[in-house]
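Student: Kindly produce the complete structure, drawing on both the sequences and the hints.
Residue strings, one per chain:
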Amino acid sequence: MTAYHELVGADRVHGSLYGDPGVFAEEMRQIFTRGWVFVGHESEVAEPGQWVTRRIGREPMILVRDRSGGLNVLANRCSHRGTALCWEHRGRDTSFQCTYHAWNFGLDGALRAVPYPAGFEKDHAELGLDRARQVESYRGFVFANLDGSAGPLSGHLGVGGTDMIDRLCDLSPSGSIALGPNWLGHAVGSNWKMWPESDNDGYHLNWVHASMVSSAPDTYYQETVLGGETGNQSLAVDWGDGHVELDFRPSYRRELAWLGASRDKVPGYCTALEQARGVQAAGRLLWDGPPHGLIFPNLFLGELNIAIIEPVAPDRMVHWHTAVQFEGVDESFNRRLLRQSEAAMGPAAFIVPDDAVTAERMQLAMSGVGVDDAEAEVRRGWVDMSRGLGREERRDDGRRAALISDETTNRGFWRQYRTVMAR
Amino acid sequence: MSGEVAPPLGEAEQREIEAFVFREARLADTSQYGEWEALVTDDMHYWVPAGPAVGDPAAGLSYINDNRARLATRIRQLQTGKRHAQTPASPMCRAVTNVEAHRAEGGAGSDGAGDEYVVTATQVVYELAVQSTARLQLWPGRVTYRLRRVDGVLRMAAKTVELVTASEPQPNLTFLL
Ligand code: FES
Ligand SMILES: [Fe+2]
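Line by line, the protein sequences give chains A and B.
With the working numbering applied, the first sequence corresponds to residues 1 to 423, in that order.
With the working numbering applied, the second sequence corresponds to residues 1001 to 1177, in that order.
Keep in mind the hints are simulated off the structure, nothing from the lab.
Take these hints with a grain of salt, some might be off.
[Stated by the list, open to error] Which chain B residues face chain A? A few, computed with CB under 10 Å, are given here:
(1) Arg1135
(2) Leu1136
(3) Asn1172
[Unchecked claim] Covered by chain B, per the in silico footprint, the following chain A stretches (three or more residues, Cβ under 8 Å):
(4) 187 to 198
(5) 315 to 324
(6) 347 to 360
(7) 395 to 404
[Stated by the list, open to error] Have a look at the derived ranges for each label pair, beta carbon to beta carbon:
(8) A/Ser154 with B/Arg1026: 56 to 64 Å
(9) A/Gly328 with B/Glu1105: 22 to 30 Å
(10) B/His1102 with A/His80: 50 to 58 Å
(11) A/Arg12 with B/Thr1087: 24 to 32 Å
(12) B/Glu1100 with A/Glu229: 39 to 47 Å
(13) A/His124 with B/Glu1105: 54 to 62 Å
Computed from a predicted model, the values in this text were never measured in an experiment.
The C-beta atom is built at its ideal place from N, Cα and C for all residues, glycine as well.
Tutor: See the structure below:
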C-alpha cells in the first residue's frame, strides 16, 4: 500500500499521485468502491423503466427506476458470462435482455428467465446482477456506494454537502431541480483529481481565464473573484469531509448577480419563487444564488451547471456536465440557463477548455515523477499547496475559510483524500 | 419545394460555391480568424450539436450553438492571444469532399440578390493538439452550410457540423471547425 500519509502533506502533495497506475487502482477501491459516489439525478429516470448508464470509478453501471418506483444502481454486466446489457447512454425498457444467450433481468436486477432452463442447477436468486449495495438520494441527487460499507448518505454529505444541495434546490420554485435534456462529455488528458482542484480554485482566474475576461466583459467575475488579493470578500471554504466551496455570496452587490440579470429580465421566475417561499425568503435566495463547490469525490455543483468528474485512466478523465433546470418556471428562463451552460462548460466553451489545457499541461509535467522520488536522496516532484494556510479561520459553523484566492479548497479535498486512501 | 423543382445550378454557380467552401476551409485551417469572420452574415448561426442536427438547437445543449454575437465573442477570445486552449493555434488541415449544392427553398432562382444555397459536404479535420498532449486528433463530420448572396458575393449564414463522434466525449474544440 502506498504511503498516502507521507505523499499528502498539510501544505503539499506529491506529483506521483496524479499519474501512478497503482495509485489509480487504489483510488478506484478506496474512494469509488468503498465510498459514496454521485451517479445521477432522479429527473433522469423519472418513469419506471427509464435508465441511464454511468461509471462508478471504472465500473459500468445502470441507474434505473423499477416498477415500484425504486432506484437501482446495477452493474451493466450480464451475470451469465459478462456481456454489457446497455450500450447506449439512456433508454427505457421493461426488462434487460442480454444479447448473448438471452438471459432476462428485471428492472431491479433479479434474474427472471433463461432459455433452455433444464441445464441449470443454480437457483436464479443467486444469479441477479451485481448492484451497488447502497443507493440513496437527497433532494433528487442520487448517490451510490458499491460495497455497502460507507454508512448512511447523510453522514457522507455532512453539513456542507447538505447545505450546498439545499441552496441549489431552494432556488427552484418547486424545491426540486431537473437536469438539462442531455449531458456533454469533455475528454481531458489529465488525471481526474485536477478537476476537484481546478473547478474550485479561486486563485487561477486572472490568468487561465484572462482571454474570457477580456473578450466578454462581465462584471460578475470582476466582483466575485478578481480585483486583487484582498480586494474582494468571496471565500475559499473547506466544509470538511472533502466538500469544498468558493463562496461568492459576500461579494454580491445586487440581486441575481449570479444570473447576470435583474428582476425585470426574469419576472416570471421571481414571482414564482416569491409565491413558493414568501417575499422575504425569496429575496434572500435571489441575492445568494447557487453554490459553487465540490461534493467529494465526483460531483461539481458549478452554480447553474452540474458536472460529474469521471476517472478513465491515470492520465485520462471525462468532465461531464449538464445545465440545471428549474421546475415551475417559464421555458424561456430554462433556455437562458442552457445558453449560459453552453458558454461556460464543455470542450468548446469560453471557460473550461482553458482549465482543460492547463490540467493536461500539469499531467505532462508530472509524468516523469514516481512515488519513490518523494523520499529519494534528492527529493523531486512535490507540488506546493500552501497558499493562505496561515490565515485560514475556523468559523462558528465549522467551516474553515480563507480568502477566495487561498488554497483552502484544494487542501480540503486532499485532506479527505488522505483520510480515505490511508484507511 | 412542393412539386416545383428548383432550377438546377449552373456550372459557374457550382464552381463559385465550391470555391467559397474551400476558401472557408483554408481560413479555418490556418486560424485566420478575422478573414474567416468576414465571410459570415449578420445572422450567422454556427452549430455543432451533440448528436444529429435535428430539432430546435435551443432545446438542448450543444457543443457550439453560436448566434452572431456569441460567434463574435468566440473570435475576440481567440484573438486575445491568451486563449490557452489555442495558444499556439493547432496545426490543422482538412479535407472537404462530396460537396453538393442546392438552391434553398424561397431563393429567387436567378442570380439576383436574395439567392440562398444549401450546401452539404463531408469534412475530416486533422488537428495536432500542440498546446498540451501533442496528440493528432481527427474530427470527421458532415457539414451543412447555408450560403447567401449579399451585394453580389457569397456569405455564410449558417454552418452546422455533425461530428461522427458527436455522442461521445470530445477533447478541446476551440479552433474553428
Ligand atoms: S452472457 Fe448474457 S446471457 Fe450469456
Ligand atoms: Fe477555471
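Student: Which of the stated hints cannot be reconciled with the structure, identified by number in ascending sequence?
Tutor: 2, 7, 9 and 12
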